[in-house]
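> Work the whole structure out from these sequences, hints included.
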Amino acid sequence: MQDFKESGFMYGLAAMVIVFVIVQSLFFLIRAWKHGKEVGLTTADMKKAVTSSALFTIAPAVAIFATVITLSSTLGIVLPWIRLSVVGNLQYEVTAAQAALESFRDGTSIAVFGQNIADPKIFAAVSWVMTIGVILSLILIPVFLKKIQSKVGKVTNNASGENKFGDIISAATFIGLISAFIGNALAGTAPTIKENGKLKPVGVGAGVMSVAVLITSVIVVVVLQALCKKFKWDKFEPFVMPLGMFAGMGMAVLLHYVLPAEISTFEWRPIV
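Throughout, the working numbering is defined as the position within the sequence shown, counted from one, plus 127.
By construction, these hints were calculated from the structure, which means they are not laboratory data.
Any given hint could turn out to be false.
[Stated by the list, open to error] Below 30 Å or equal to it, Euclidean Cα-Cα: the simulated BS3-like pairs (lysine-lysine) are:
(1) K174 / K362
(2) K164 / K174
(3) K175 / K359
(4) K132 / K248
(5) K175 / K362
(6) K175 / K356
(7) K164 / K175
(8) K161 / K174
(9) K362 / K161
(10) K175 / K161
(11) K362 / K164
Right, dumping it as structure tokens:
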């Protein structure tokens, strides 16, 4: 039986969205090229701008690919492919999907991020939550961005023009987000379902594998950040986070085959 998440309808929907995105991109590229000619830009300058822009999309593309792989175990390959072709990132997509799935956790059905979704209703609900959540920002930005920027600017900018308070808020938000992921890796619990009157873990709790992946990713990111800072590899910085993610994934695969099963699957908080 064909998985509904990867049915012909879903692939057709993905094709329409991706074709629209490509056509839209070509439309604005052609208009920008014509306008460049009108204002006197040379063909060589415009080719250089197009080439540099294309190169700068490589780093986001790596992060997007990693996000699609992360989401595919739960949502299939098509929905993440559609979403990341338009808008979204790893932090938002995973958080939104996990929040939607947790609302279905009743102790009798599987609704856990990382587990394959077999119920079309749960899949539809997750899709709507992920979509509506990001649409709100797209609606608010054109309408309220100017007012928000002026108000926030008054608060964050001091007399010398340095955005110290804004930097503190951004750093605190990022640290809080990362702390949540670290806490889950160190002390997270695996959700359960009731099967024959007993609780059965259906997700992954904190254990050897989660800590190993966390440590590997942190080391790779810290080392790469230090190298970027020392050698001034500014263009390489967008690749740091995706490479850290892939390093963690690679370590998980390696440990799965190298360590005995009783060690690689050991969890100290296996159930809720």
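> Each hint should be assessed against the structure and marked as holding or not.
These are the hints, each one checked on the structure:
no.	hint	verdict
1	K174 / K362	20 Å, holds
2	K164 / K174	12 Å, holds
3	K175 / K359	23 Å, holds
4	K132 / K248	12 Å, holds
5	K175 / K362	16 Å, holds
6	K175 / K356	27 Å, holds
7	K164 / K175	14 Å, holds
8	K161 / K174	13 Å, holds
9	K362 / K161	29 Å, holds
10	K175 / K161	15 Å, holds
11	K362 / K164	29 Å, holds
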